[in-house]
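As given, the protein sequences belong to chains A and B, one line each in that order.
If you use this note's numbering, the first sequence corresponds to residues 1 to 182, in order.
If you use this note's numbering, the second sequence corresponds to residues 1 to 192, in order.
These are computed hints drawn from the structure, not numbers from a lab.
The reader is advised that the hints may include incorrect statements.
Okay, the calculated bits of chain B under chain A, using three or more residues with CB under 8 Å as the criterion [said to hold, decoys possible]:
| # | region |
| --- | --- |
| 1 | 75 to 86 |
| 2 | 89 to 98 |
| 3 | 174 to 182 |
Under the rule of at most 25 Å between Cα atoms (straight-line distance), these lysine-lysine pairs were calculated in the PhoX-like manner [as the list claims (entries may be wrong)]:
| # | chain 1 | residue 1 | chain 2 | residue 2 |
| --- | --- | --- | --- | --- |
| 4 | A | 156 | B | 60 |
| 5 | B | 60 | A | 172 |
| 6 | B | 164 | A | 84 |
| 7 | B | 91 | A | 84 |
| 8 | B | 164 | B | 60 |
| 9 | B | 91 | A | 156 |
| 10 | B | 69 | A | 172 |
None of the values given here were measured: they were computed from a predicted structure.
We treat Cβ as the ideally placed atom computed from N, Cα and C, and that holds for glycine.
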Amino acid sequence: MKPITRTAFFSNFSVALNGIVLLMFASLLAQPSLLGKPGPAPQQTQKLTASAIQLERSDPPEDLLIPEDTRVATYENVILQLTKTQKFQHVYRSGDRTAASVPDLVILRVIPQAFKAGSQKQREVTTVSGATSMKVKIQFVSRDGKVLREKIVEGKVRFYGENLRATYDLAKKVAAVVNETF
Amino acid sequence: MTVGSAQFNPEMSSKQRKIVRRSLQLAAIGVVFVATAGSAFSQQLGTPQASQTTSIPHVKCVIGLENIKANSKGTLSLLPNGLEFATGKNKVDISTASIQDIFTGQESRQDVSGPAGTVAKAGIPYGGGRIVSLFSHNVEVLTVEYVDSNGGFHGTVFVLSPGKATVLKNQLVAQGAKVTNHVQPPPQGEKP
């Protein structure tokens, strides 16, 4: 094997170096938030503070029929996810009398807006149809009834899993909103 | 026992001795049979007394009980003063007085489900997993709403074999559990 001369070595080295620089530049361009398009605008809204939150149970509108197991599963999943956020010293349930003594209590209302009961069998057989979805409006309300923040959130189960999994998906999204609000 | 050591009259012929011995053997077998059948019969009689507290095994608690993991399987029992759900490690009671409402509903579940079932179905070639997905069974869902000592609302969802949720609901209502009239959503062919 012929030994590489000094000139050939430097020539190969410079080609390799150029390649690396080009690759790095290309990867930077591939991340739109860094060089290309600007990333999401910094949040202008101030974060709320509260030592405790109470989840209030809200009835759906009269023309919206939601199975009771779905409503209960939504409520319990939201309680679990609120606790997991660790943003509050205490998460109170709806109707809990001990919440009355908390001065900076925030009340979370989960108001059902829309519900579509899908079918697990249809989902698993067709893949494209049979999704279950539930849309709710979540409101953070102060003790005096002032709405501090509100947002529409939708929970879905599209492909695999039982219908009640939509309530878990919804609760995770509610927890995400709580994380960005507090 | 002294069955085998009975005193025989020496004047008895060997044929008579044989008959006496055979009849004693038969009597002994009869005693054993009656004793066995008697104990079995008494166990059968005892069963309804034990089932006065209805106990349903293999019930799935979907969500809502503290210290019980979601989708845990256990035994749901109707006690004289409420419901009890017990898994291998934990036990949770719901007193009848704390129950605010009870709902029952019919649903269906896939015969092959869960993460392992999903992977197995995905592994069947030529879309065979979709054929497996066509098989399902009916279940009944029992939703119990209750309050804790502070007035906090709780709800729990159980999945039982068909017919059992309605029986439990009726028994709880007979115990004095509160139930309101419900507007049920229209039935769906294949809900869950």
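Each hint, compared with the structure:
1. 75 to 86: violated (count 0)
2. 89 to 98: violated (count 0)
3. 174 to 182: violated (count 1)
4. A/156 to B/60: Distance ~22 Å between residue 156 of chain A and residue 60 of chain B Cα, so the pair holds.
5. B/60 to A/172: Measuring from Cα to Cα gives roughly 22 Å; hence the hint holds.
6. B/164 to A/84: 34 Å, violated
7. B/91 to A/84: 23 Å, holds
8. B/164 to B/60: Holds, because 13 Å separates the two Cα atoms, which is no more than 25 Å.
9. B/91 to A/156: Cα-Cα ~32 Å, so violated.
10. B/69 to A/172: 17 Å, holds
Hint compliance for this structure: hints 1, 2, 3, 6, 9 are not met, and every other hint is.
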